[in-house]
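Q: Okay, here's what each chain looks like letter by letter:
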Amino acid sequence: MNKNGSRMLWLLQVVLGILLILLLGVHWIAQHYLAAEGLRNYAEVAAYLKQPIILALEITFLVVITAHALLGVRAILADLGLQAPLQRALDATLWLIGLFTVLYGIQLVWQIVHQ
Amino acid sequence: MKGRSQWFEFRLDSGGMLGFMLHRLTGIGLVVYLYLHLALLNQLRQGPAAWDAFVQTMRSPWVLLADSVLLFGILMHGLNGLRLTLLGFGKFLRWQQELFWSSFILAVVLTAWGMLAMH
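Protein chains in written order, with our numbering: chain A, 160 to 274; chain B, 738 to 856.
Excised from the complex, chain A in its bound form (with noise of 0.2 Å):
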């Protein structure tokens, strides 16, 4: 990847750092501190979810943490030295885990929506 596209990604991986700051200490405020006794028991989850804000907002925190995850795991292998072909191979494996995350995450939460 020539430079500007490494800024970009850089660039990408700040914003998304920034939000998941906010993103983050929403869900753990939310899960920790306001939650009776540290955690949500099912039905207190179930009712949690099924306001569509917190849906929304929860839907979007994993989509950034799991983008801001996987790029630093690809800063971290990129630092390495990867020849075009492996570092081609290693975006593609990236973008499959990435959306297999997003997809389950987004599955688990519908059903227990829906149940």
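Honestly, the hints are just simulated from the structure, not real lab data.
It cannot be assumed that every hint is accurate.
Claimed, not checked - From the derived model, a few chain B residues whose C-beta atoms are all more than 10 Å from chain A:
1. L778
2. W799
3. V806
4. G818
5. W832
6. W838
7. A849
Unchecked claim - Just so you have them, the derived chain B footprint on chain A, three or more residues with Cβ under 8 Å:
8. 198-207
9. 261-273
What the hints assert, rightly or not - If the Cβ cut is set under 7 Å, some of the chain B residues that face chain A in the computed set are:
10. V768
11. V769
12. P785
13. W788
14. M795
15. T822
16. E835
17. M855
All C-beta atoms, glycine included, are put in the ideal place defined by N, C-alpha and C.
Use these hints to put chain B onto chain A, whose structure you have.
A: Positioned in the frame of chain A, the structure of chain B alone reads:
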């Protein structure tokens, strides 16, 4: 960009190098935790009885201890990430060591406060 050999140059006198290593180590730890967390959430598919029993297990002292390590990792990664962002934009370059140690101390204090507030 730091080459792979620099990963192993552990120098306590360099806040920059320590910050670089700690950022990556906490990042790797948090990625592992993210996927562990997602796998454990699969318990929700088993229904209320399985989830509520699982939640009881998660309230054990050992898990709470692990929670404090997790909270420190999150705070350190976030604060150090903000520091690295500032440095990446060419801001506060002369203060990078002070910023690193401030991030570290703030992460320790916020972890202690966070754990006390949680329980």
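Q: Are the hints correct? Go through all of them and say.
A: We went through each hint and held it up to the structure:
Distance to chain A contradicts B:L778 as a non-interface residue, since its nearest Cβ pair spans about 6 Å, not more than 10 Å. Every CB of chain A is more than 10 Å from the CB of B:W799 (nearest about 15 Å), matching its label as outside the interface. Distance to chain A confirms B:V806 as a non-interface residue, since its nearest Cβ pair spans about 15 Å, more than 10 Å. The Cβ of B:G818 sits about 5 Å from the closest Cβ of chain A, inside the 10 Å cut-off, so the non-interface label is violated.
Separation of B:W832 from chain A is adequate, the least Cβ-Cβ distance of about 19 Å exceeding the 10 Å criterion. In this structure B:W838 is separated from chain A by more than 10 Å, as the shortest Cβ-Cβ distance comes to about 20 Å. Distance check on B:A849: its Cβ is at least 15 Å (rounded) from any Cβ of chain A, clearing the 10 Å threshold; non-interface status holds. Interface restraint, the region 198-207 of chain A with chain B: holds (6 residues with C-beta to C-beta distance below 8 Å; minimum three).
With 5 residues having a beta carbon nearer than 8 Å to a beta carbon of chain B, the region 261-273 of chain A meets the requirement of three or more and the stated coverage holds. Interface hint status for B:V768: upheld, as the beta-carbon distance to the closest one in chain A is roughly 5 Å, under 7 Å. Interface restraint check for B:V769: the shortest CB-CB distance to chain A comes to about 10 Å, outside 7 Å, so the restraint is violated. For B:P785, the interface hint holds, since its Cβ comes within 7 Å of a Cβ in chain A; the closest pair sits about 4 Å apart.
The beta carbon of B:W788 comes within 4 Å of a beta carbon in chain A, closer than 7 Å, and the hint placing it at the interface holds. The beta carbon of B:M795 comes within 6 Å of a beta carbon in chain A, closer than 7 Å, and the hint placing it at the interface holds. With a cut of 7 Å, the hint placing B:T822 at the interface with chain A holds, because the nearest CB-to-CB distance is about 5 Å. Interface restraint check for B:E835: the shortest CB-CB distance to chain A comes to about 21 Å, outside 7 Å, so the restraint is violated.
The interface hint given for B:M855 is met, as the beta carbon of that residue sits about 5 Å from the closest beta carbon of chain A, less than 7 Å.
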